[in-house]
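Just so you know, the protein sequences line up as chains A and B, in that order. If you read the first sequence in my numbering, its first letter stands for residue 1, the second for the next number, and so on. If you read the second sequence in my numbering, its first letter stands for residue 1001, the second for the next number, and so on.
Don't read these hints as lab results, they were simulated from the structure. From a predicted model like this one, the values you see are computed outputs, not experimental measurements. Don't take each hint at face value.
What the hints assert, rightly or not - So the derived list for chain B, only partly shown, Cβ under 10 Å to chain A, looks like this:
no., residue
1, Tyr1110
2, Leu1114
3, Gln1120
4, Pro1187
5, Val1268
6, Val1271
7, Val1272
8, Leu1276
9, Leu1299
10, Phe1319
As the list claims (entries may be wrong) - Where chain B lies over chain A, by a calculated footprint (3+ residues, C-beta under 8 Å):
no., region
11, 86–99
12, 114–124
13, 171–180
Virtual Cβ for every residue (Gly too), placed ideally from N, Cα, C.
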Amino acid sequence: MPDASFLFAQVLSGLTAAMFLFLIAAGLSLIFGVLGVLNFAHGSFYMLGAYLAFQFVQWFGHDPASFWWAVVAAAAGIAVLGGFVERFLLRHLYGKDALYQLLFTYALVLVLSDAAKLLWGTQQLSVSRPAALAGSFSLFGAVFPYYSLFIVLLGPAIALAFWLVLTRTQAGRLIRAGALDREMLGALGVNVSGLYTGVFVLGSFLAGLSGALTTPVRAIVPGMDVEIIVEAFIVVVIGGLGSFWGTFLGALIYGQVLSFGILMFPRFSIFSVFALMAVVLILRPWGLLGRPTAT
Amino acid sequence: MSVLRRIPWALVVVAAALLVPLAGSRFYTFVATEGAILALFAVSLNLLLGYTGLVSFGHAAYFGIGAYTTGLLMKQAGVPFVLAFPAAGVLAAVGALVFGFFCVRLTTIYFAMLTLAFAQIVWAICFKWNAVTGGEQGTPDIPYPDLGWMARLPIAGDLGTSDHFYLLTVVLVAGCLWVLRRIVGSPFGRILTTIRENPERAEFIGVNVRRWQLLAFVIAGAFAGLAGGLFGIFSSGVFPDFAYWPKSSEVLIMTILGGIGYFYGPAVGAVVLLVLNQQVTSHTEYWPLILGTILIVLLFAFPGGIVGALDAAVRRARFRRA
């Protein structure tokens, strides 16, 4: 039996991974909930967010605040890209079979991954941690970087802010209404097409933001897009597609299963999360906190 | 027009395919073998996609199971091809039965996700179970089946082993396609179409939707397994990539590219995509970029696929003449 501090460190590392996953999966879930589109390219937006953050850090130079400006600029850049994709391409596929939308976003994955290779090459890139959060502290014998603490706090903060926007504001009300019945919403005189663009932009912003925020702790490499989208899919499927707190719960579970799965079955850690997803889909196809769809 | 329609085109294509080795280029035979196998793989997927209306994102699982079954039986156990090949179909069908049992309970996006999850589990097993599958490195050196008898045939006798395997592949693929064609034309095939068009109404008239969907899933899986069995021998090795999700999306793209509304559409898509891949990758490494662009153009401009676009063009020409 490993000692307590080791287990604690394991829990914390699972928690950090969970918060990153939550940030990206929240956008994926939001877009699916409102637009009904499962966006494969969400992982590509995350990857491009990371590359853009790297680029902006290069341009802004190395003064202490440059990292934060780069993060904001990268997220904004991805939000604009998302807006373009929705307005000029995805929009034209709404009336068609869900398969066409899926394949379109998959085509984007292919195009964007090669675009990133063309622009930034295939070598591994990295961004150093912002000076303010460079150190680490120890808690119950486990060493924990300040940056991870920041992420662990940022995740719930964004979740809470998001939840407040969704439940307490007019925009949030419209988003929830759009998820329930888009035709009725349109009939009531709401600009549904504008709402869709807004939601897609917001989701893309979250993807770009999480991509930019991972740069100090993860290497920026080609292939990170596909790796993260698979994980994000599992998270939203476990939690319930379109369910906000479900995504949060899914991310927490995923983080711990991955963290302890590696510990207990080092060779079958990939297996453990896919098995988890399959079990959830079999027992509760709509996810842990999702609502069953009327068939 | 009517004369053209009376020609048995399927037989013409098979006959033409059998003549490919006579061109004397090993490259042509190589591409044609892969094309024939992938055509079967894509047509098997279309039984689900085009005929039953089920979007499977994990069809590579059954392709992989078939490849590993035939490959490992032939290499490790020395089982002859005559037994190892049908075994691929049987094992893939069993896999499809187990996974499909759970999958058909779900609809649309959830069905797609669960097929993907199961396929990833199959991939993880291939990838990690070193003792049996060879793990990450796969199992190389799968032998060709013993086709010595072909050497005693008049014309085929002068050809090499890979040409012999190609001839065998063409005959087997043609046989499988014929069976699939009979299946979609049978009352069973009509039931599948009914389910695709309107599951509720199908349920109303007494069709057990889930059971027929499961049967379609198993049949599609079995033929994907047979394609996989041939593919393992063709690439003289079986690798985890065969069951990995890019393989599933690749076969989906082939199917859509050819046209899901036509029986032979996916076969056309498979061959076109393969040839395109060969051409593009010899010039540039950015194949995904090209593939993605093709896919986007296809989705916006030709949602019916190649065969759909050709069909529409022919109809238009005929309409103008009338």
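Have a go at the Val1272 of chain B hint: is there a Cβ in chain A nearer than 10 Å to its own Cβ? Status violated, d = 16 Å.
At a threshold of 10 Å, is the proposed contact between Val1268 of chain B and chain A supported by beta-carbon distances? Not OK, violated: Val1268 of chain B not within 10 Å of chain A, min 18 Å.
Interface hint check: Phe1319 of chain B, Cβ to nearest Cβ on chain A, cutoff 10 Å. Holds or violated? Violated, about 25 Å.
Taking 8 Å as the C-beta cutoff, is the stated coverage of the region 171–180 of chain A by chain B satisfied by three or more residues? As far as the region 171–180 of chain A goes, the hint is violated, because 0 residues have Cβ atoms under 8 Å from chain B.
Taking a Cβ-Cβ distance under 8 Å as contact, does the region 86–99 of chain A have three or more residues in contact with chain B? With 6 residues closer than 8 Å to chain B, the region 86–99 of chain A meets the three-residue bar; holds.
Would the stated hint for Leu1299 of chain B survive a check requiring a Cβ distance to chain A of less than 10 Å? 5 Å, holds
Min Cβ distance, Gln1120 of chain B to chain A: is it shorter than 10 Å? OK, holds: Gln1120 of chain B within 10 Å of chain A, min 5 Å.
When the nearest CB of chain A is found for Val1271 of chain B, is that gap smaller than 10 Å? Result: violated, 20 Å to nearest chain A Cβ.
Is the listed coverage of the region 114–124 of chain A by chain B valid when you require three or more residues with a beta carbon under 8 Å from a beta carbon of that chain? holds (count 4)
Can we keep the Leu1276 of chain B interface hint, with Cβ of chain A closer than 10 Å? 14 Å, violated
Are Leu1114 of chain B and chain A close enough, Cβ to Cβ, to be under 10 Å, as the hint says? 5 Å, holds
Hint check, Tyr1110 of chain B versus chain A [nearest Cβ-Cβ separation less than 10 Å]: Given a least distance of 5 Å, the restraint on Tyr1110 of chain B holds.
Hint compliance for this structure: hints 4, 5, 6, 7, 8, 10, 13 are not met, and every other hint is.
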